[in-house]
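Work out the full structure: start from the sequences and follow the hints.
As a plain string of letters, each chain reads:
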Amino acid sequence: MNSLKKLTSKTLFLPLFCMILVLLINVIKSPDFFSIAVKNGVLYGRLVDILNRGSEIAILAVGQTLVVAVSAGTDISVGSVMSLSACGCCMLLAGYGVNSTTELAVPMIVGMLFGVLLGGVCGTFNGFLVSKLKIQPMVATLILFTAARAIGLLLCDNQITYIRYEPYKYLGNFIPGIPIPTAIFVTIAVIAVISLLLKKTSLGLYIQSVGINSRAARISGISSSKICFLCYLICGLCSGIAGIVASSRIYSADSNNIGLNYELDAILAVALGGNSLGGGKFNLAGSIIGAYTIQAITTTLLAMGVSTDQAPVIKAIIVVIIVVVQAPVFKAWMETRSARRLAARVAETTDEKEMAEK
Amino acid sequence: MKKFLALALSLVMAVSLAACGTSPSTPAASGSGSAGSAGSAAASGSGDQLITVGFAQVGHESDWRTASTKSVQEAFSKDNGFDLQFVDCDNDSAAQLEAVRNFIEQDVDYIVIDPIVSTGWDTVLTEADDAGIPVIVIDRTIDDSDKYISWVGSEFTNEGLAAGAWLKDYAALKGISELNILVIEGTTGSSAQIGRTNGFKKLADENGWKIIDSQSGDFTQEGGQKVMESYCKSYAGQFNVVVCQNDNEAFGAEDAMSAAGISYGVDGDVILISFDACTAGLTDVLAGKINADFQCNPLQGPFCADIVAKLAAGDTVNKETYMEEPWYVAEDALTEITYTNNAGNEVTEPLVHVTQDVVDAAY
Numbered sequence: 001m002n003s004l005k006k007l008t009s010k011t012l013f014l015p016l017f018c019m020i021l022v023l024l025i026n027v028i029k030s031p032d033f034f035s036i037a038v039k040n041g042v043l044y045g046r047l048v049d050i051l052n053r054g055s056e057i058a059i060l061a062v063g064q065t066l067v068v069a070v071s072a073g074t075d076i077s078v079g080s081v082m083s084l085s086a087c088g089c090c091m092l093l094a095g096y097g098v099n100s101t102t103e104l105a106v107p108m109i110v111g112m113l114f115g116v117l118l119g120g121v122c123g124t125f126n127g128f129l130v131s132k133l134k135i136q137p138m139v140a141t142l143i144l145f146t147a148a149r150a151i152g153l154l155l156c157d158n159q160i161t162y163i164r165y166e167p168y169k170y171l172g173n174f175i176p177g178i179p180i181p182t183a184i185f186v187t188i189a190v191i192a193v194i195s196l197l198l199k200k201t202s203l204g205l206y207i208q209s210v211g212i213n214s215r216a217a218r219i220s221g222i223s224s225s226k227i228c229f230l231c232y233l234i235c236g237l238c239s240g241i242a243g244i245v246a247s248s249r250i251y252s253a254d255s256n257n258i259g260l261n262y263e264l265d266a267i268l269a270v271a272l273g274g275n276s277l278g279g280g281k282f283n284l285a286g287s288i289i290g291a292y293t294i295q296a297i298t299t300t301l302l303a304m305g306v307s308t309d310q311a312p313v314i315k316a317i318i319v320v321i322i323v324v325v326q327a328p329v330f331k332a333w334m335e336t337r338s339a340r341r342l343a344a345r346v347a348e349t350t351d352e353k354e355m356a357e358k
Numbered sequence: 001m002k003k004f005l006a007l008a009l010s011l012v013m014a015v016s017l018a019a020c021g022t023s024p025s026t027p028a029a030s031g032s033g034s035a036g037s038a039g040s041a042a043a044s045g046s047g048d049q050l051i052t053v054g055f056a057q058v059g060h061e062s063d064w065r066t067a068s069t070k071s072v073q074e075a076f077s078k079d080n081g082f083d084l085q086f087v088d089c090d091n092d093s094a095a096q097l098e099a100v101r102n103f104i105e106q107d108v109d110y111i112v113i114d115p116i117v118s119t120g121w122d123t124v125l126t127e128a129d130d131a132g133i134p135v136i137v138i139d140r141t142i143d144d145s146d147k148y149i150s151w152v153g154s155e156f157t158n159e160g161l162a163a164g165a166w167l168k169d170y171a172a173l174k175g176i177s178e179l180n181i182l183v184i185e186g187t188t189g190s191s192a193q194i195g196r197t198n199g200f201k202k203l204a205d206e207n208g209w210k211i212i213d214s215q216s217g218d219f220t221q222e223g224g225q226k227v228m229e230s231y232c233k234s235y236a237g238q239f240n241v242v243v244c245q246n247d248n249e250a251f252g253a254e255d256a257m258s259a260a261g262i263s264y265g266v267d268g269d270v271i272l273i274s275f276d277a278c279t280a281g282l283t284d285v286l287a288g289k290i291n292a293d294f295q296c297n298p299l300q301g302p303f304c305a306d307i308v309a310k311l312a313a314g315d316t317v318n319k320e321t322y323m324e325e326p327w328y329v330a331e332d333a334l335t336e337i338t339y340t341n342n343a344g345n346e347v348t349e350p351l352v353h354v355t356q357d358v359v360d361a362a363y
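Same order as they appear, the protein sequences are chains A and B.
With the first letter of the first sequence counted as 1, position 43 gets the number 43 in the numbering used here; the numbers rise by one all the way through.
With the first letter of the second sequence counted as 1, position 226 gets the number 226 in the numbering used here; the numbers rise by one all the way through.
It is worth saying that the hints were derived from the structure and are not from the lab.
No residue lacks a Cβ here, since even glycine has one placed at the ideal position from N, Cα and C.
What follows is a set of in silico ranges between Cβ atoms, one per label pair, in the way DEER data are often shown: (1) A:146 x B:101: 23 to 31 Å; (2) A:213 x B:86: 51 to 59 Å; (3) A:281 x B:210: 52 to 60 Å; (4) A:185 x B:119: 46 to 54 Å; (5) A:329 x B:94: 40 to 48 Å; (6) A:179 x B:319: 53 to 61 Å; (7) A:143 x B:81: 42 to 50 Å; (8) B:118 x A:132: 40 to 48 Å; (9) A:176 x B:81: 55 to 63 Å; (10) A:4 x B:212: 40 to 48 Å.
Subject to a maximum C-alpha distance of 20 Å in a straight line, what follows is the list of computed SDA-like cross-link-like pairs (lysine to any residue): (11) A:39 x B:259; (12) A:29 x B:236; (13) B:168 x B:157.
Quick look at the structure:
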């Protein structure tokens with residue numbers, strides 16, 4: 001009983017619980033939901049799909065968590081920046097104005113790094129507007145939200161650029177001989193780098209203090225604007241990486257559709273992870289769990305065969321339930337209820353004891 | 001310092017706005033100049049003066065749209081005796097109304113519109129009518145006004161019906177008695193999705209085929225990939241036909257089926273049907289990955305030019321023109337299909353066997 005209570009009071013308990021609940025719903029419809037097999041030399045199963053397809057949102061959620069924590073605002077440009085970095089990468093690989101190519105104009109790694117760099121440039125721009133010019137995050141990132149996709153379209157000469165070069169597909173699919181989807185490795189790498197950065201340096205602490213009170217942090221010697229700038233830069237780089245993964249999946253740069261509405265999923269992931277959108281304290285692991293929860297819902301709806309026009313409604317209902325369960329007001333209500341019950345039980349036992357004594 | 005910065009920034013903005021403003025206004029200015037002369041040309045009937053045409057296009061969101069734009073631009077080129085004013089409205093319906101009003105003010109000879117939304121057109125089309133400018137609507141439809149001369153576009157239901165008719169004959173030819181079909185639909189509510197779904201479903205119901213599941217892939221490659229990935233797990237070994245409502249979804253479905261080790265196409269276990277027939281789609285038909293591809297013709301240009309020629313000669317034109325849409329197949333075993341089209345007429349249409357020449361000639 002005591003250990004159960006300890007477990008439920010952990011910060012990550014509720015996000016994890018919600019994700020497992022979503023997964024368990026599937027067992028009712030298809031008992032083989034959790035089965036993982038090896039097919040064609042690669043892992044094959046719904047769980048693998050969730051981990052694989054959830055990669056982009058998880059990578060975005062890492063950057064978004066830092067931005068939310070440091071500036072109490074959201075970066076809504078991440079989806080558009082994904083599209084821009086994918087377009088930049090494909091444009092460089094294929095050459096400007098080429099619709100489809102089987103031969104690369106520059107080495108693949110150069111194109112990919114250029115894509116990630118474009119994401120970094122966007123992050124720098126957002127960071128400058130928010131940290132130096134003190135523009136509200138949503139307004140500042142609204143600029144790239146509208147512009148980045150359009151710039152991507154210009155880079156690709158208003159068309160979908162296809163890179164029909166086998167190794168380009170590796171990042172979003174499988175590297176021959178390795179049974180695990182490559183995107184999972186990319187996600188792990190991103191999470192590892194960022195969490196090392198947060199754990200091994202005092203960056204995590206600094207971000208929290210700036211998020212809680214940026215003036216107080218500055219007075220105590222932390223350069224608030226530099227920390228804020230850094231978070232936006234990291235968020236931009238994450239968007240760039242996510243964009244390259246998304247582009248590799250379809251071996252093309254579909255500027256109109258890559259990362260469409262992903263900014264909303266990234267913000268939702270942060271919220272589902274139990275993080276306050278008001279900034280300050282944050283929990284990276286929570287956001288990542290939130291990201292995979294969103295993907296689990298999407299995969300579940302597909303697996304259940306929910307018709308596409310009803311799917312958004314059901315998704316909304318699930319999200320509402322998860323958010324309500326995690327709301328502080330609801331938690332407090334549950335606690336007072338259990339406290340009252342405990343008090344009643346204590347009263348009962350004392351009554352019994354008194355009766356026995358008599 | 002800050003004030004200076006703000007001033008500098010606002011100056012930059014003003015200059016860039018002015019720059020943006022001048023570039024479209026240059027053709028507009030020259031257009032209005034030539035519009036007057038073209039008007040007199042039309043009146044005098046002399047051949048060496050240009051006929052002005054205003055074209056308000058939706059945007060440039062897909063290869064299909066780009067092909068449509070190019071087709072109209074080529075049909076109304078200078079060499080053909082036209083002066084085309086092209087406005088890309090970037091999916092902004094207010095901008096499109098404004099563009100059409102501009103055309104009326106400049107008194108162009110003809111207006112071509114691909115309406116972004118189907119309503120809200122009555123006022124501006126009445127203005128055009130009063131000014132005596134014939135309006136031709138292409139691709140999408142206008143619902144709340146009939147003050148346009150003609151509409152040119154695709155009959156999506158026929159595309160779905162033709163796909164069903166081909167599948168019926170193909171299954172009979174191959175001796176497949178039981179068809180279990182998975183459909184990857186387009187964006188829910190789009191006219192292409194509704195027409196293709198209804199057309200195909202009609203044939204499926206008539207022939208007792210089983211449509212196992214039908215979900216939306218949003219007309220994108222990633223959408224097609226995601227939905228097919230899920231289908232492969234939910235209905236492993238239970239399906240032998242996959243219908244994708246555009247080529248991009250078909251590419252995604254191909255990837256997902258390859259990953260799941262399911263063979264498809266000409267020699268495969270699964271028959272793959274697609275719509276749109278863009279160059280990349282036809283390349284896959286040629287390679288035998290897609291069995292049949294039903295074109296949605298984006299080349300409205302020649303049809304518009306034809307209407308303009310008829311109007312200039314004083315002939316009447318049809319209110320609706322459905323474009324010819326070829327059906328492409330990977331094998332030459334079947335040469336034609338017969339079906340009852342949406343208008344209720346029984347038609348026999350040829351099937352085009354895809355060769356390298358066909359792919360090269362595609363849009």
